[in-house]
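Use these hints to put chain Z onto chain A, whose structure you have.
Number of protein chains: 2
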Amino acid sequence: MTKTIAQWDMFEVELTGPSEGNPFVDVTLAAEFRQGGRVVRVPGFYDGAGVYKVRFMPDNPGAWSFVTRSNIAGLDGQTGTVEVTAPRAGNHGPVQVANRFHFAHADGTPFLSFGTTCYAWTHQPLSEQQKTLGTLKKARFNKIRMGIFPKDYPYNVNEPLHDIYQRGADGELDFDRPNPEAFRHFESQVAALGELGIQADIIMLHPYDRWGYSGMSEEQDYRYFAYATARLAAYHNVWWALANEYDFMLDTKPMRQWDRYFHIIEENDPYGHLRSIHNGDPKANYDHRKAWVSHVCIQHWDVKRTLEWRAAYGKPVVNDEPEYEGNITEAWGNISAEELVNRFWTTTLRGGYAGHGETFRHPDDLIWWAKGGELRGEAWKRIGFMRDLLEEDARNGFEPIETGMRFAGRVSAARDGDTTIIYLGEHQPEIWPYGLPKDDGGYQVDVIDTWAMTVTPAERVPAPENHPVRHGAVVLKTEPDAAFAVKLPVKPYLAIRVRKK
Amino acid sequence: MTKTIAQWDMFEVELTGPSEGNPFVDVTLAAEFRQGGRVVRVPGFYDGAGVYKVRFMPDNPGAWSFVTRSNIAGLDGQTGTVEVTAPRAGNHGPVQVANRFHFAHADGTPFLSFGTTCYAWTHQPLSEQQKTLGTLKKARFNKIRMGIFPKDYPYNVNEPLHDIYQRGADGELDFDRPNPEAFRHFESQVAALGELGIQADIIMLHPYDRWGYSGMSEEQDYRYFAYATARLAAYHNVWWALANEYDFMLDTKPMRQWDRYFHIIEENDPYGHLRSIHNGDPKANYDHRKAWVSHVCIQHWDVKRTLEWRAAYGKPVVNDEPEYEGNITEAWGNISAEELVNRFWTTTLRGGYAGHGETFRHPDDLIWWAKGGELRGEAWKRIGFMRDLLEEDARNGFEPIETGMRFAGRVSAARDGDTTIIYLGEHQPEIWPYGLPKDDGGYQVDVIDTWAMTVTPAERVPAPENHPVRHGAVVLKTEPDAAFAVKLPVKPYLAIRVRKK
Chain A
1 MTKTIAQWDM FEVELTGPSE GNPFVDVTLA AEFRQGGRVV RVPGFYDGAG
51 VYKVRFMPDN PGAWSFVTRS NIAGLDGQTG TVEVTAPRAG NHGPVQVANR
101 FHFAHADGTP FLSFGTTCYA WTHQPLSEQQ KTLGTLKKAR FNKIRMGIFP
151 KDYPYNVNEP LHDIYQRGAD GELDFDRPNP EAFRHFESQV AALGELGIQA
201 DIIMLHPYDR WGYSGMSEEQ DYRYFAYATA RLAAYHNVWW ALANEYDFML
251 DTKPMRQWDR YFHIIEENDP YGHLRSIHNG DPKANYDHRK AWVSHVCIQH
301 WDVKRTLEWR AAYGKPVVND EPEYEGNITE AWGNISAEEL VNRFWTTTLR
351 GGYAGHGETF RHPDDLIWWA KGGELRGEAW KRIGFMRDLL EEDARNGFEP
401 IETGMRFAGR VSAARDGDTT IIYLGEHQPE IWPYGLPKDD GGYQVDVIDT
451 WAMTVTPAER VPAPENHPVR HGAVVLKTEP DAAFAVKLPV KPYLAIRVRK
501 K
Chain Z
1 MTKTIAQWDM FEVELTGPSE GNPFVDVTLA AEFRQGGRVV RVPGFYDGAG
51 VYKVRFMPDN PGAWSFVTRS NIAGLDGQTG TVEVTAPRAG NHGPVQVANR
101 FHFAHADGTP FLSFGTTCYA WTHQPLSEQQ KTLGTLKKAR FNKIRMGIFP
151 KDYPYNVNEP LHDIYQRGAD GELDFDRPNP EAFRHFESQV AALGELGIQA
201 DIIMLHPYDR WGYSGMSEEQ DYRYFAYATA RLAAYHNVWW ALANEYDFML
251 DTKPMRQWDR YFHIIEENDP YGHLRSIHNG DPKANYDHRK AWVSHVCIQH
301 WDVKRTLEWR AAYGKPVVND EPEYEGNITE AWGNISAEEL VNRFWTTTLR
351 GGYAGHGETF RHPDDLIWWA KGGELRGEAW KRIGFMRDLL EEDARNGFEP
401 IETGMRFAGR VSAARDGDTT IIYLGEHQPE IWPYGLPKDD GGYQVDVIDT
451 WAMTVTPAER VPAPENHPVR HGAVVLKTEP DAAFAVKLPV KPYLAIRVRK
501 K
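Here the protein sequences line up with chains A and Z, keeping their order.
Numbered as in the UniProt record's numbering, the first sequence ends at 501 without a single skipped number.
Numbered as in the UniProt record's numbering, the second sequence ends at 501 without a single skipped number.
Rather than coming from a laboratory, the hints here were simulated on the basis of the structure.
Worth double-checking, as some hints may not be accurate.
Stated by the list, open to error - Listed next, the in silico DSSO-like pairs over lysine-lysine satisfying Cα-Cα at most 27 Å (straight line):
| id | chain 1 | residue 1 | chain 2 | residue 2 |
| --- | --- | --- | --- | --- |
| 1 | A | K315 | Z | K283 |
| 2 | A | K438 | A | K491 |
| 3 | A | K283 | Z | K315 |
| 4 | A | K304 | Z | K304 |
| 5 | Z | K304 | Z | K381 |
As the list claims (entries may be wrong) - Only some residues are given here: those of chain Z computed to face chain A with a beta carbon under 8 Å:
| id | residue |
| --- | --- |
| 6 | D302 |
| 7 | K304 |
| 8 | I328 |
| 9 | T329 |
| 10 | A331 |
| 11 | N334 |
| 12 | I335 |
| 13 | S336 |
| 14 | R361 |
| 15 | G409 |
| 16 | R410 |
| 17 | P429 |
| 18 | E430 |
| 19 | I431 |
| 20 | P489 |
| 21 | P492 |
As the list claims (entries may be wrong) - Chain Z stretches covered by chain A per the calculated footprint, using a threshold of three residues with CB under 8 Å from any CB of chain A:
| id | region |
| --- | --- |
| 22 | 415–428 |
| 23 | 432–441 |
| 24 | 461–467 |
Built from N, CA and C at the ideal position, the CB exists for glycine as well.
One chain only, chain A, in its complex shape:
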């Protein structure tokens, strides 16, 4: 019987095999999916209780056949077919790098990353997890950073819903035996996010651990990466984040290990989902130029430097921690909503992508950044407004532009197609002429109040006279030529949008 699924959905082959010994280590399993002469090698995995699975995400419609490969006779040489239809509405396929510094879904739909962070939300009580999904449904985030392992950290000390590895007879975690139940639960939430159109930016390792996961051996780590990749790669909305703050583990996991983790993902993810790695110390960025890194993940508060990171790495820049809205003790988690929204606009209008987090103290430690649940701040709505607004004009990605030497780097400006947006941030001029059209016809010009979430047709006023600057034989100009200027209320966090009609 041929099963029918939609393109970029998941097709699962289920097989029965041995449960004795340690199948996680002893049994190899893969399948070769074919369409014409093309072969896609897909790793399988042991799901416990004698059940083996191979998961496949077809990237092309039509008929596919498969044959399994295993070191166990009963699992080897199994065959079948699958008929792939057009994608379901809303499934645009995995997100990939597009136009060097940007992202797009596989079907070409631009993906402007507006991420948030809930490190351990899948480890909270199920009612809390439902709340998180409900919140995500109303918020406009399209990416979420979340760990496979639970987290032990201030404000974040409750026991997880599941052990990620099985416990032996001695009650100790056995890091040679993953706990399929934990993975199945995690995957169900990845799938739920997929239904909401949200990318699961899956954090593989982190140092904030009291259970021992961060202390697994090199070999155990490698097996963990292969296992998790085999289980998760067929979800269309997966991104691989090798770590949260990898550099705080360099003493026990040296750099060659991090490189190898990337390789193992590449070996086991036939779809080439996005891969990156996140730093703690701002001076300890991984070398994102390495070929196996798809995009830059960074933690840095000084978002005006986004252009430097683009230049240094030549890849999309995602600043997942430009600090978080909140009031906790830690300095990475206590900036105002205004400042976080400001950092989003500054980052994006310099050609990068920013990430949200929320860290308000709570009597029961119910903090979004770790546990999900409810959003209590003010930034998320403005970030949603920003996403909706930018998506109206997104084509190839907003590329940063210079609007005149005299203020290079002071304000942020970017263009996508015929739309230019100039974000003034902390600057609050009465009128603004820079980067505006040199002619007065055929433009729609709006003033955007990024905090109040309003878009207002701009009041045009004469551009200031172009005052010559003389020195020696050379005449500089103090103003770029502009056909008009825009009158502004004197307040921070404004943007000017110019569209060609």
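Chain Z only, in chain A's frame:
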């Protein structure tokens, strides 16, 4: 007859000589001032109408003698004596570099630079200049950037009070003949600033010119530097700023010329007043490591980088343009008062010094940054509060400290002697433990609201538990050890001051 003056005041030798030909070019004049075996060579200058002067600022009390040297017989070999008494109250002597990254007066009094900018204030109508001095008397700035030449720039187009060079019979400026009247006026205002305890940071050249001063020949420039130095060096409160935005003149004044300007100042200023040079493009900093540069002058908005500039140049860092409070069109002149004050605190608590400017549009273009007059903003009061507050504890200069890896660079903190100040800037935690004492005895701890200008004894609360971070064999700590934390109102721009009692 022996004249008596106080140390660091100015002693002037006046001589009569030829007025025919071009004495500015033809006549050489200097004096050797002696005290015991020590000789200080002091250049003289022509003051017009056959009058020649040599100005001397003694740096040591007691008897000094002098003899003049000239290529004109009547000006050569003139001798005299001067008796130098202890300094007048309030004259602490010229400001010099102290403790590598800081400044102090010659008598050892720490000088924490709190500068402002009024580029062309000495070129405004005299009534406006009086207003400027009145404003400076009530404000707490102790340095002012001001140009010898007038300025032609948007909002800044009126004719100057004096031509800086004389006009010939054809009405054209003769760049071989300085106008002594203009210099005498300029000097009178330098002296007036000296009486107010304010350093005159004298800008020698700039590109914003419609009269031709910026187009003088190389030789004329060199003579100008020698002449101005001979006239001005004996004022105790002089700093030399070779340019405003020197890099915008590099096409006609190449780098070797800028180096030579420094040398000419060194040759003609026997007191070694501070010397620096100011950039326009943030990427075009002069190489402040050069031996003849006393301190770093910089224009940059990204003040959290102050540590980088200290490291790059190893000298005091003065960021004279961290952008200005105002609402003009230009992006360097339209940040809020809150943001400018924030940049002052951030800069200073990272071991640098910031500069103020005010650029509010005005119907008559009366803008402090160019013309002086009245302050209309809100930053200057807070900067005065900041100066008074820091001077209470200043000994060797506030040196930046790290208060824990987890937020290195996020907040600003510095220590001078037994006083530590932690400036939180945009961070607004409910409680703060980092960088606080490890024991609970003998400290006075205050919370400073840098905007409201209040100092309040801190409410101490238990420090958060030191949550261990486990990974592998290593135990990291999330919090530095602190004996207590400080409870804070959740708002930006707070600082915590810890004094050893």
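- request: Report the numbers of all earlier hints that the structure fails to satisfy, in ascending order.
  value: Those not satisfied come down to hint 20.
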